[in-house]
Amino acid sequence: MGSQSREARPQNDLLVLAVLAEGPAHGYAIAQEINRRTDGLLRMKEGTLYPLLHSLERQRLVRATWRESERGPARRTYHLTAKGKRALSDRTAKWQRFSRAVDAVVRGEARA
Amino acid sequence: MPDLEAYLDQICADLGLRSDEIRLELRQHIEQTAGKLEAAGHSSDRALSLAIQEFGPPEEIAAGLAATHGHGGAAMYRRVISPALVGVGILLGTQVINLGYSFLHRVRVDALQVGAVPSWLPPAMPRLDWLVFAGVFLAISLCAQRGGSRRECIAVGLAPLLMASLIYLPLLMLIAGLSAFPVALGILFPYNISLISLGTTIAVQEYASDLLSLAATCLAATWLYFFAATRFRESPFWAATES
Chain A
1 MGSQSREARP
11 QNDLLVLAVL
21 AEGPAHGYAI
31 AQEINRRTDG
41 LLRMKEGTLY
51 PLLHSLERQR
61 LVRATWRESE
71 RGPARRTYHL
81 TAKGKRALSD
91 RTAKWQRFSR
101 AVDAVVRGEA
111 RA
Chain B
1001 MPDLEAYLDQ
1011 ICADLGLRSD
1021 EIRLELRQHI
1031 EQTAGKLEAA
1041 GHSSDRALSL
1051 AIQEFGPPEE
1061 IAAGLAATHG
1071 HGGAAMYRRV
1081 ISPALVGVGI
1091 LLGTQVINLG
1101 YSFLHRVRVD
1111 ALQVGAVPSW
1121 LPPAMPRLDW
1131 LVFAGVFLAI
1141 SLCAQRGGSR
1151 RECIAVGLAP
1161 LLMASLIYLP
1171 LLMLIAGLSA
1181 FPVALGILFP
1191 YNISLISLGT
1201 TIAVQEYASD
1211 LLSLAATCLA
1221 ATWLYFFAAT
1231 RFRESPFWAA
1241 TES
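Heads up: the protein sequence lines correspond to chains A and B, in order.
Just so you know, the numbering used here puts the end of the first sequence at 112, numbered straight through with nothing missing.
Just so you know, the numbering used here puts the end of the second sequence at 1243, numbered straight through with nothing missing.
Only chain A is shown next, with the shape it has when bound in the complex (with noise of 0.2 angstroms):
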């Protein structure tokens, strides 16, 4: 995710949310959760993720507060917000769209 452009950053903004859509999470959790579901494709520099999430909280897409883990100390736990649900929801449709029509284009040049 580091060394990605900033045009990628809408698409990381997706990932974050569709994290986050299966439940509260705290940073590293969420690092490895896309890393789990992209089988490492998409591997990030996992501290360029905070600023995303402190960006997300910010737009009050996600909110952020300090539970207590059994495991451990008290981590800073990420949920979604309602208005987050609707950004996911339309950024995913929008990442479709996109995704359908590049996919369009790249089977037209193979059939020729």
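Hints listed in this document are in silico derivations from the structure and should not be mistaken for laboratory results.
Note that this is a predicted model, so its numbers are computed, not measured.
Cβ atoms here follow ideal geometry from the backbone N, Cα and C, with glycine treated the same way.
One or more of the hints may lead you astray.
Some chain B residues flagged as far from chain A (calculated, every beta-carbon gap over 12 angstroms) [claimed, not checked]:
| # | residue |
| --- | --- |
| 1 | P1002 |
| 2 | A1013 |
| 3 | E1021 |
| 4 | E1038 |
| 5 | A1040 |
| 6 | G1041 |
| 7 | S1043 |
| 8 | R1046 |
| 9 | S1049 |
Here are the in silico distance ranges between beta carbons for each label pair [unchecked claim]:
| # | chain 1 | residue 1 | chain 2 | residue 2 | range |
| --- | --- | --- | --- | --- | --- |
| 10 | B | A1039 | A | S89 | 30 to 40 angstroms |
| 11 | A | R97 | B | Q1053 | 30 to 40 angstroms |
| 12 | A | R100 | B | A1063 | 12 to 22 angstroms |
Position chain B against the provided structure of chain A, taking the given hints into account.
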């Protein structure tokens, strides 16, 4: 041995008052990664070194966080100086208001002494102003601390009116009620009527003036808050407005 503190210093040095909280959050992440690597067979030092490397370049992370939270000076301005400016503005506004109607206070008190108003009540009136404005200052400070959403800003704008209504209107009713007693007396003793009606009228005018002054001050304070919160960085309020 890799220096985790120096690495976190590089990231958090310029983040103002949020730096401690962010530092703890990042440290927990790095230590968890290091623990996992150590469990996989790396030495403690090697695990920490790899965890820091995996976390990423500190300059990039610092720049990303500063884009959200503001650089040191701007972050400090937004979280400390801007609420302080709002507070100073409110306090100055209070003084202006007090100067403006102090004459009316004196006239009203003199006039109401004809009636049965408790002696402690009129002198306590100006103190209530400070209570109201202290509450407003607190609300604005809390709002600025959080960055301020549009809903919060509107709440801050309405707070003085709500507080003024809660405090002043019952007092106005009390004054009016107490003034009714000397009015009844005035029927028996007609020479008091002119003074009684003068006192009640001035009290009503003064509290109406109070409410208007509070409304004006609250508008000024809200504007000042917007100005301070958006001077150095984009506020969620404006972002939401623009979108």
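Cross-check of the supplied hints:
1. P1002: 14 angstroms, holds
2. A1013: The claim holds: A1013(B) sits with its nearest Cβ about 15 angstroms from chain A, beyond 12 angstroms.
3. E1021: Non-interface label fails for E1021(B): nearest chain A Cβ at 8 angstroms, not farther than 12 angstroms.
4. E1038: Since the minimum Cβ distance to chain A is about 15 angstroms, E1038(B) lies beyond 12 angstroms and the statement holds.
5. A1040: With a cut-off of 12 angstroms, A1040(B) remains clear of chain A, as the shortest Cβ separation is near 14 angstroms.
6. G1041: 19 angstroms, holds
7. S1043: 21 angstroms, holds
8. R1046: The claim holds: R1046(B) sits with its nearest Cβ about 18 angstroms from chain A, beyond 12 angstroms.
9. S1049: S1049(B) is indeed farther than 12 angstroms from all Cβ atoms of chain A, at 15 angstroms.
10. A1039(B) to S89(A): 30 to 40 angstroms: 39 angstroms, holds
11. R97(A) to Q1053(B): 30 to 40 angstroms: Distance hint for R97(A), Q1053(B) holds at roughly 38 angstroms.
12. R100(A) to A1063(B): 12 to 22 angstroms: Violated, at about 35 angstroms.
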